[in-house]
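Engineer: In case you want the letters, here they are:
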Amino acid sequence: MGEVILTMKGIDKSFPGVHALDHVDLEVCRGEVHALMGENGAGKSTLMKVLTGIYSKDSGTITYEGREVEFQNPREAQEAGIVIVHQELNMMNHLTVAQNIFIGREYMKGFLIDDARMNLEAKKLFDQLGIDINPAEKMGNLTVGKQQMCEIAKAISHEAKVIIFDEPSAALTEAEIEELFKIIRDLRAKQMGIVYISHRMDEIKVITDRVTVMRDGSYVGTLITKDCTKDDIVNMMVGRVIYEEPKTHSMVAPDAPVVLKVDHLNAGKLVQDVSFELRKGEILGFSGLMGAGRTETARAIFGADPKESGDIYVNGEKVEINSPQDAVKHGIGYLSEDRKRYGIVVGKTIAENSTLASLEDFVKGRLIDRKKERDATQKYVDRLRTKTPGIDQLVINLSGGNQQKVVIAKWLVRNCDILIFDEPTRGIDVGAKSEIYHLMSELAAEGKSIIMISSEMPEVLRMSDRIIVMCEGRKTAEIDIADATQEKIMHAATLR
Amino acid sequence: MQNTRLSGNSSRKFDLQRIVVLAVVIVLAAVFSIFSRDFRKFSTVVTLLDSFYYFCFIAIGVTFCLISGGNDLSVGTGMVCYALIGGFCITKLGLPTWAGMLVTIACGLVFGVLNGFLVSVMNLPAFIATLCTMLITRGLGSVVCGGAVNWPARSSPNGWFRNLFKLMVLNSSGKKTPVPVGVIPILLAVIIMSLILNKTRIGRYIIAIGSNKEAARLSGVNVVKYQMSAYIISGFFAGLAGIAYVCATTSSITPGSGAGLELDAIGGAIIGGTSMTGGVGSVFGTLLGILILTLLKNGLPKIGLGQDWQNIITGLVLIFAIYIDVLKNRKKA
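These protein sequence lines are chains Y and W, in that order. Using the working numbering, the first residue of the first sequence is number 1, and each one after it goes up by one. Using the working numbering, the first residue of the second sequence is number 1001, and each one after it goes up by one.
Isolated chain Y, as found in the complex:
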């Protein structure tokens, strides 16, 4: 480790309603790989966006190469030598590798672009990195891993001094990760400062020199990697604070029948050999970090995405679910994490949304039976305590919590007994949150069975009767609520 190249001190940033960064510190040295860790929403990405000028900070200082700096946009940061290799790759698939690397600063020969020279320069870059990629290949033909190598090459061609890797290994195979690590070690040897954002505990131990942990937008601490254990880091990530009173024991009767059984389900990279059972009246929590495959599992069960293999049993009977219609027919309702995109039609009224999934029950001849529709809607507005001046209110005018209730009503009207709640309280304020919690508990008490996918640990501990933890498409733990702790869950969620 060499001298300090980058210091961020007391960085503070608020968005309307959210204190995203609360006096966060970060120090990166030349020739160091510095891990930045924290749960989803801990503020890692926000911090990096402040650094590279995508967001402006409210207070605090950034010192880079001995001078205080404040970049206005990523381009300025890039010109100064700070580059991000993004998790979502910014590549133009239809252009070649070399064309991508040199876009915006092409080598010219008169009026014409000198592609031969660009291929040559790209080749030099790759040789320098010790990777074998044909610069004339179309970017879209490369694997994600190779595309990432190209991003790194592009970063280096900008004469980068600090490179930030935002979850670089999320989409890579083992072999590709090895190659990535080799490159990172080379860059470290060349005295670059490297920030490495990742959830994978094992990688942190292998590749990084120091670890800075963040939690809920605050700086928790910095450790020397070789002097700490995985448990030290996990403890720092989850903290000791318990926000909500967790459930102490399962509310499910021991003899409650199994209503949904998923057997060795496979669907793509993020759903591998997932098996579990859901009992009548149970709230089954699905925990895990971003990209663990929880939503993908739910979508595969619901028939929204194709399955590769595996069986699904509803009430003990094997069922074929190839489309959402099939799922709904078997009484499964899915409340998407992205309400506005998949859950509701915002420009329509509560009544129209409520009956959307079961319109065939509300027709008289060819026409929609308005009275029946209104009666049913009113029933559920009352029952779910949806706050609205009337059932003809457009859904777009409702608050997030009440919109969520309309989605719930939609599936209740359809008589769904199995409800999959995907991030049910995302984007909902605290008061409405606890109302949704009560509602879910009530539904479970009435005998509905609920799968709840949640990234919020307190929510999982408060609501679930049983918890399934996923990591990288696999089920890594199944914990009864009586035995569940944040540490246990986080441990299973970061198994790799």
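Misleading hints may appear alongside valid ones.
Unchecked claim - Among the chain W residues that face chain Y by a calculated CB cut under 10 Å, a handful are: (1) Leu1195; (2) Ile1207; (3) Ala1208; (4) Ile1209; (5) Asn1212; (6) Ala1216; (7) Leu1218; (8) Ser1219; (9) Gly1278; (10) Gly1279.
Said to hold, decoys possible - Here are the simulated BS3-like cross-link-like pairs (lysine-lysine), alpha carbons at most 30 Å apart as the crow flies: (11) Y:Lys182 <-> Y:Lys123; (12) Y:Lys161 <-> W:Lys1213; (13) W:Lys1199 <-> Y:Lys124; (14) Y:Lys379 <-> Y:Lys280; (15) Y:Lys109 <-> W:Lys1213; (16) W:Lys1328 <-> Y:Lys269; (17) Y:Lys488 <-> Y:Lys261; (18) Y:Lys123 <-> W:Lys1328; (19) W:Lys1225 <-> Y:Lys109; (20) Y:Lys49 <-> W:Lys1213; (21) W:Lys1302 <-> W:Lys1176; (22) W:Lys1213 <-> Y:Lys124; (23) W:Lys1199 <-> Y:Lys123; (24) W:Lys1041 <-> W:Lys1302; (25) Y:Lys9 <-> Y:Lys230; (26) Y:Lys226 <-> Y:Lys9; (27) Y:Lys387 <-> Y:Lys348; (28) Y:Lys348 <-> Y:Lys372; (29) W:Lys1297 <-> W:Lys1328; (30) Y:Lys161 <-> Y:Lys205; (31) W:Lys1041 <-> W:Lys1175; (32) Y:Lys371 <-> Y:Lys329; (33) W:Lys1199 <-> Y:Lys109; (34) Y:Lys372 <-> Y:Lys387; (35) W:Lys1328 <-> Y:Lys307; (36) Y:Lys433 <-> Y:Lys488; (37) W:Lys1176 <-> W:Lys1041; (38) Y:Lys49 <-> W:Lys1225; (39) Y:Lys161 <-> Y:Lys226; (40) Y:Lys488 <-> Y:Lys247.
Simulated from the structure, these hints should not be mistaken for laboratory data. Remember, predicted model here, so these are calculated numbers, not experimental data. In this text, a Cβ means the ideal position worked out from N, Cα and C, and glycines have one as well.
Let chain Y serve as the given structure and place chain W on it in line with the hints.
Structural biologist: Only chain W this time, still in chain Y's reference frame:
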């Protein structure tokens, strides 16, 4: 990730598509020649080329809009509108022919800038924005000119421009024979525009924007400027098409005509391998695509299949071409 690997051979497939298209051109020409004595006549070839020229020009322009991830529906009615205004300047205002031709091209450029402004600055969806300018150009020609316009006839001293696309020479027996010299400007346009597309910043950035607009923006590409340039190119070529159109038209130019041509032009570009979703396309491919549609249009009547069959078969060919595009994209998605 798996999907990215699957698409590994898509660039080779693209070349394959071009070979198939070339083969279809040859087969069509051969079939029509075998089954129709009429089709083999030189005069048929000349007539076929007359409509091919302007058709090809507008399609080359549209190809750039499609590659940028957009569209230009205004080119068909635009072409007629610009030709009307140019002709109006010659016949009613007494401008020299060359000035009238420049006006025609200038009108195309103006509408190109307008389309580009609507799409890249005002961020209107290209389909809607150019649908609106299509309506505007459809009405504008009539409003400006007050009715049909005749460009100078071949016999008049101002009719020299018609030789740009069809040169009349005396053959050995002393009769006038047309030579389809319009092939030269078309080939020039194809070569120059291919070069611009593949070897200059304008072309490179138009492809980049069509491939991934946000990535292009983050790479420091001036997205507004280069997206706009695609529409200006399209407008310019609609203007050129206007000139080719009046050269091929001996009767008067009717205001409000030209609708539907833009769809044929887009169809031709897609048959030639240009993607509806942007990022992929070639000028040479468009040339071949237009050649196929022109052969169908002129050849089918010669083997006894009228206008109706021509429409049906063109529709089927387009379904096939677009389906190939969809298949290519599905592998990428």
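Engineer: A separate judgement is required for each hint: does it hold in the structure or not?
Structural biologist: Cross-check of the supplied hints:
Of the supplied interface hints, the one on leucine 1195 of chain W holds, with its beta-carbon coming within about 7 Å of a beta-carbon of chain Y, less than 10 Å. For isoleucine 1207 of chain W, the interface hint holds, since its Cβ comes within 10 Å of a Cβ in chain Y; the closest pair sits about 6 Å apart. Taken as an interface hint, alanine 1208 of chain W checks out: its beta carbon lies about 5 Å from the nearest beta carbon of chain Y, inside 10 Å. With 10 Å as the threshold, the beta carbon of isoleucine 1209 of chain W comes within range of chain Y, its nearest partner Cβ sitting at about 9 Å, so the hint holds.
Because the smallest distance between the Cβ of asparagine 1212 of chain W and any Cβ of chain Y comes to about 5 Å, under 10 Å, the interface hint for this residue holds. Among the interface hints, the one on alanine 1216 of chain W holds; its C-beta lies about 6 Å from the nearest C-beta in chain Y, closer than the 10 Å criterion. Because the closest C-beta pair between leucine 1218 of chain W and chain Y is about 5 Å apart, less than 10 Å, the hint holds. Among the interface hints, the one on serine 1219 of chain W holds; its C-beta lies about 4 Å from the nearest C-beta in chain Y, closer than the 10 Å criterion.
Checking glycine 1278 of chain W against chain Y by beta carbon gives a least distance of about 8 Å; that is within 10 Å, so the hint holds. Because the closest C-beta pair between glycine 1279 of chain W and chain Y is about 4 Å apart, less than 10 Å, the hint holds. For the given pair, lysine 182 of chain Y sits about 18 Å from lysine 123 of chain Y by alpha-carbon distance, which is consistent with the 30 Å threshold. Note on lysine 161 of chain Y and lysine 1213 of chain W: the hinted pairing holds, with a Cα-Cα distance of about 27 Å set against a maximum of 30 Å.
Restraint check for lysine 1199 of chain W and lysine 124 of chain Y: satisfied, since their Cα atoms lie roughly 22 Å apart, inside the 30 Å limit. A hinted pair counts as satisfied when its Cα atoms are at most 30 Å apart, and lysine 379 of chain Y with lysine 280 of chain Y qualifies at roughly 24 Å. Annotation: proposed proximity of lysine 109 of chain Y to lysine 1213 of chain W holds, straight-line Cα distance about 26 Å (limit 30 Å). A distance of roughly 22 Å separates the Cα atoms of lysine 1328 of chain W and lysine 269 of chain Y; the hinted pair therefore holds under the 30 Å criterion.
Proposed proximity of lysine 488 of chain Y and lysine 261 of chain Y is supported: the alpha carbons are some 25 Å apart, at most 30 Å. The straight-line distance between the Cα atoms of lysine 123 of chain Y and lysine 1328 of chain W is roughly 29 Å, inside the 30 Å bound, and the hint therefore holds. Note on lysine 1225 of chain W and lysine 109 of chain Y: the hinted pairing holds, with a Cα-Cα distance of about 22 Å set against a maximum of 30 Å. For the hint pairing lysine 49 of chain Y with lysine 1213 of chain W, the CA-to-CA distance comes to about 20 Å; that is within 30 Å, so the pair holds.
Proposed proximity of lysine 1302 of chain W and lysine 1176 of chain W is supported: the alpha carbons are some 25 Å apart, at most 30 Å. A distance of roughly 28 Å separates the Cα atoms of lysine 1213 of chain W and lysine 124 of chain Y; the hinted pair therefore holds under the 30 Å criterion. Simply put, lysine 1199 of chain W and lysine 123 of chain Y have alpha-carbon atoms about 20 Å apart, close enough for the 30 Å limit, and the pair holds. A threshold of 30 Å between alpha carbons decides the hint, and for lysine 1041 of chain W with lysine 1302 of chain W the separation of about 11 Å falls inside it, so the pair holds.
A distance of roughly 26 Å separates the Cα atoms of lysine 9 of chain Y and lysine 230 of chain Y; the hinted pair therefore holds under the 30 Å criterion. For a cut-off of 30 Å, the pair hint linking lysine 226 of chain Y to lysine 9 of chain Y stands: about 24 Å separates their Cα positions. A hinted pair counts as satisfied when its Cα atoms are at most 30 Å apart, and lysine 387 of chain Y with lysine 348 of chain Y qualifies at roughly 16 Å. The hinted pair formed by lysine 348 of chain Y and lysine 372 of chain Y meets the criterion: a straight-line CA distance of about 18 Å does not exceed 30 Å.
As the CA atoms of lysine 1297 of chain W and lysine 1328 of chain W are separated by approximately 28 Å, the hinted pair is consistent with the 30 Å bound. In summary, the hint linking lysine 161 of chain Y to lysine 205 of chain Y is supported, as the alpha carbons are separated by about 23 Å, within the 30 Å threshold. Pair hint lysine 1041 of chain W plus lysine 1175 of chain W holds up; C-alpha atoms about 17 Å apart against a cutoff of 30 Å. With a C-alpha separation of about 24 Å, the suggested pair lysine 371 of chain Y and lysine 329 of chain Y falls inside the 30 Å cut-off, and the hint holds.
With a CA separation close to 10 Å, the supplied pair lysine 1199 of chain W and lysine 109 of chain Y stays within the 30 Å bound. This hinted pair checks out: lysine 372 of chain Y and lysine 387 of chain Y have alpha carbons roughly 21 Å apart, not beyond 30 Å. About 22 Å separates the Cα atoms of lysine 1328 of chain W and lysine 307 of chain Y, which keeps this hinted pair within 30 Å; it holds. With a C-alpha separation of about 25 Å, the suggested pair lysine 433 of chain Y and lysine 488 of chain Y falls inside the 30 Å cut-off, and the hint holds.
Under the criterion of a C-alpha separation no larger than 30 Å, the hint pairing lysine 1176 of chain W with lysine 1041 of chain W is consistent with the structure, at around 16 Å. Taking the CA atoms of lysine 49 of chain Y and lysine 1225 of chain W, the gap is near 27 Å; set against the 30 Å cutoff, the hint holds. For the suggested pair lysine 161 of chain Y and lysine 226 of chain Y, the alpha carbons sit about 24 Å apart, so the restraint of at most 30 Å is met. Proposed proximity of lysine 488 of chain Y and lysine 247 of chain Y is supported: the alpha carbons are some 15 Å apart, at most 30 Å.
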